[in-house]
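Model the full assembly from the supplied sequences, consistent with the hints where possible.
Chains A and B, in that order, are what the protein sequence lines are.
Each residue of the first sequence is one higher than the last, beginning at 0 in numbering that gives the first Met the number 0.
Each residue of the second sequence is one higher than the last, beginning at 0 in numbering that gives the first Met the number 0.
Hints were generated in silico from the structure; no laboratory data involved.
Please note that the accuracy of each hint is not assured.
Which chain A residues face chain B? A few, computed with CB under 10 Å, are given here [unchecked claim]: (1) F406; (2) R411; (3) G414; (4) I421; (5) A425.
Partner residues are not named here, just some residues of chain A that face chain B (Cβ under 8 Å, in silico) [unchecked claim]: (6) A404; (7) Y407; (8) L408; (9) R409; (10) D428; (11) E429.
Okay, the calculated bits of chain B under chain A, using three or more residues with CB under 8 Å as the criterion [as the list claims (entries may be wrong)]: (12) 104-110; (13) 115-129.
What you are looking at is a predicted structure, and each value in this text was computed from that prediction instead of being measured.
C-beta atoms are modelled at their ideal positions from N, C-alpha and C, and glycine is treated no differently.
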Amino acid sequence: MIATATVPGCWVAGYSRLERERPDAPGARWLAQLRRVGMERFSVLGIPDPHQEEWRKTNVSPIARVAFEPANGAGGNTATLAQAREQLARLAAAGIAAPALVFINGIYAAELSDLSGLPEGIEAGSLAQAASDRRDLVEAHLGTVAADLTPFTALNTAFLRDGVFVHLASTAQSATPVHLVFLTARGVHPLACHPRVLVVAEPGSRGRLVEVHAGVESLSPPAAAGGPVALFVNPVTEIVLSSGSVLDYDVVQPMAGREWRIASLGARIGPQASFSSRSICLGGPLVRNDVRAVLEAEGASCTLDGLFLVRSGEHVDNHTVIDHARPGGTSRELYKGILASGGRGVFDGKIVVRPDARKTDAMQANRNLLLADDAVMDTLPKLEILNNDVKCKHAATIGRLDETAVFYLRSRAVGVEEARRILIQAFADEVIGRLPAEPLRAPLSAAVTDLLAAGPEAGGRT
Amino acid sequence: MSEIGKTAPAAGEGPLLEVRGLRAAVGGKEILRGVDLTVRRGEVHAIMGPNGSGKSTLAQVLAGRESYEVSGGEVLYQGRDLLALSPEERAREGLFLAFQYPVEIPGVSNLYLLKAGLNAVRRHRGLQELDAVEFLALMREKVKIVAMDEALLKRAVNEGFSGGEKKRNEILQMAVLDPTLAILDETDSGLDIDALRIVSDGINALRGPRRSMVLVTHYQRLLDYVVPDRVHVLSGGRIVRSGDKDLALELERKGYSWIDESAPEELARGRV
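And the structure:
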């Protein structure tokens with residue numbers, strides 16, 4: 000692996016420049032050490048190449064060929080802020096409103112955020128700020144959950160400047176969603192942003208967070224002959240659940256941008272704690288989502304659901320690991336994919352049951368709907384069961400729309416296009432319907448329909 | 000091709016359905032080998048026959064199932080070439096098929112399907128779509144016809160329904176879509192005696208001078224409840240014998256082997 004490590008010069012130069020700028024608040028200088036470890040790790044790993052098992056189906060080498068600069072938020076650009084406000088208004092219409100923390104290219108935008116209605120017991124704000132103000136908590140957990148998940152999580156750490164810190168005190172008991180809104184805007188030069196989210200849930204706390212990703216599309220400079228300027232988004236989310244805490248964490252892209260996105264999420268689930276997550280991904284030229292949930296204490300439970308949609312020229316790869324480390328854990332996983340003509344999808348779902356994890360109850364399903372002959376789906380369920388006292392099931396299917404069902408609907412006077420739309424919608428809604436935040440469901444369902452109705456789209460790489 | 004379906008046809012305008020020499024195959028295997036059938040307005044016909052005789056194929060071909068290739072013959076529905084119409088056009092023109100195996104559609108509620116179907120029919124007829132209130136009022140009235148629990152309306156179409164509930168659901172859909180020609184494919188199969196009575200009562204309630212029905216059935220017992228005007232026996236892909244309701248009783252007594260033995264003479268005398 001070391002022999003093949005590709006470490007583009009832009010990352011080395013960008014890292015050095017950032018460190019010279021001393022980006023941290025005086026109380027957060029300790030972050031420099033974390034970044035250094037991240038950079039060292041990334042220097043060893045490099046941008047993965049397709050020979051590596053975990054990256055066989057997703058070629059990320061285009062990322063290695065672009066000279067990225069670290070993004071720097073809106074940078075006081077009033078046009079960007081105006082565009083961001085317009086996008087936020089659209090999101091608000093889709094139910095994504097206060098309390099909301101807003102980030103532009105990974106940097107907290109206080110002027111766009113609205114923390115009114117933040118539930119009791121929940122503290123949420125800029126990670127850069129918290130690294131100074133809440134150093135004890137942040138330092139104890141940052142980098143302990145996902146830092147080693149992929150080379151890109153190391154890269155994120157190397158460029159860690161800002162993001163979100165959410166703390167749920169034991170008094171937090173509300174189901175009101177707190178929105179973490181990540182807006183991305185292209186720059187004049189290729190930009191890379193590395194937002195970081197750290198969530199720490201104290202014993203017995205309850206909460207609901209929704210991570211929203213949206214593009215500020217109209218900021219893109221007019222597409223030149225080579226297409227729009229590259230934008231690479233590399234978010235990392237780390238979640239620590241103490242005993243008996245319950246967290247819903249959803250990641251949605253209701254207004255998908257066209258950036259390259261490599262997203263990682265790690266969760267450490269404590270005794271009797273429960274983590275539940277849905278990932279809704281409405282396509283993109285190059286998307287990779289890694290999720291690793293470790294049930295690290297007795298009686299932990301975890302639900303991972305996902306839905307993705309790809310059209311021509313789009314590629315979405317979902318890699319999940321559910322690691323049952325201790326006895327009595329329960330996990331439920333349902334990932335679904337809809338692949339239109341020319342779309343490419345990957346599901347790689349690993350369930351590990353450690354020798355000590357007796358009485359584990361794990362179920363995984365991956366269901367994929369191919370809407371055309373030239374869509375390609377790879378599904379790779381993997382079970383590593385290291386003790387006998389477990390209940391473990393998995394199922395993976397790749398199929399076409401059920402023509403009998405289409406005929407049934409048509410025989411009830413429903414037109415053929417409408418019949419197909421209804422069935423595709425129903426397929427998607429099984430996951431969308433699991434979103435606890437009701438206002439999100441209808442706009443996401445509508446987005447699925449709109450995307451499919453829009454037909455094949457030129458899937459230009461950024 | 001006049002504006003069929005937009006105005007109520009007067010009785011006695013000619014047959015509602017005329018099937019002439021219909022041949023159909025699936026996967027290259029011919030299943031219907033020249034079916035002739037004439038159904039007039041308001042009539043109820045029963046098509047009986049042994050397993051594999053082509054009963055369900057006939058029902059599916061009439062409803063427009065594309066996996067069957069029509070290799071010969073013609074079908075006139077309200078004087079118009081039925082086979083030229085898509086399944087949804089047939090449904091909008093008043094043709095309804097109750098499926099032998101109603102399809103489960105997870106994620107699509109019964110109400111949603113009924114509303115989508117009904118409004119498609121109404122648009123086709125130049126009528127306004129029903130609003131939510133009008134639609135729900137109509138549903139409350141229609142579920143009574145099949146003594147169905149209203150809770151089933153909100154459930155996904157046929158998902159987790161018992162056999163009886165599925166068949167009742169088919170009759171409910173028929174009641175809502177208000178067809179001119181209903182083809183009921185083995186609607187009696189898999190029903191216990193109570194469910195059979197409920198379904199039969201539903202069918203009888205929907206019987207009328209403006210609606211014709213074709214009951215496809217293997218057994219005579221449905222015909223105890225829904226008395227047909229005509230009974231036909233389909234065997235080897237052809238209608239080999241036709242008669243009144245007594246033919247069904249005779250079949251019940253003698254079995255289908257009786258038809259198979261007598262079929263050649265029947266055919267020799269010309270098509271029934």
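(request) Mind checking the CB of L408 (chain A) against every CB in chain B and telling me if the closest is under 8 Å? (result) Holds: closest Cβ of chain B sits about 7 Å from L408 (chain A), inside 8 Å.
(request) Verify the interface restraint on G414 (chain A): the C-beta must sit less than 10 Å from at least one C-beta of chain B. (result) holds, 5 Å
(message) Let's test the interface hint: is any C-beta of chain B closer than 8 Å to that of A404 (chain A)?
(response) Status holds, d = 5 Å.
(request) Using Cβ atoms only, decide whether R411 (chain A) comes closer than 10 Å to chain B, and label the hint accordingly. (result) holds, 4 Å
(message) Using the nearest Cβ pair, does A425 (chain A) come within less than 10 Å of chain B?
(response) holds, 3 Å
(message) Just to be careful: measuring from the Cβ of R409 (chain A) to every Cβ in chain B, is the smallest value less than 8 Å?
(response) holds, 4 Å
(message) Does the closest beta carbon of chain B sit nearer than 8 Å to the beta carbon of E429 (chain A)?
(response) Holds. Min distance 6 Å.
(request) Let me know if the C-beta of F406 (chain A) comes in closer than 10 Å to any C-beta of chain B, holds or violated. (result) Since chain B brings a Cβ to about 6 Å from F406 (chain A), closer than 10 Å, the hint holds.
(message) A closest beta-carbon separation below 8 Å is what the hint needs, so does Y407 (chain A) meet it against chain B?
(response) holds, 4 Å
(request) State whether the coverage of the segment 115-129 of chain B by chain A holds or is violated, taking the criterion as 3 or more residues with Cβ-Cβ distances under 8 Å. (result) holds (count 6)
(message) Please check whether D428 (chain A) passes as an interface residue: C-beta within 8 Å of a C-beta belonging to chain B.
(response) holds, 5 Å
(message) Three residues or more, CB to CB closer than 8 Å: is that satisfied between the segment 104-110 of chain B and chain A?
(response) Our answer is that it holds, as 4 residues pass the Cβ test (under 8 Å) against chain A, meeting three.
Checked against the numbered hints above, the structure violates none of them.
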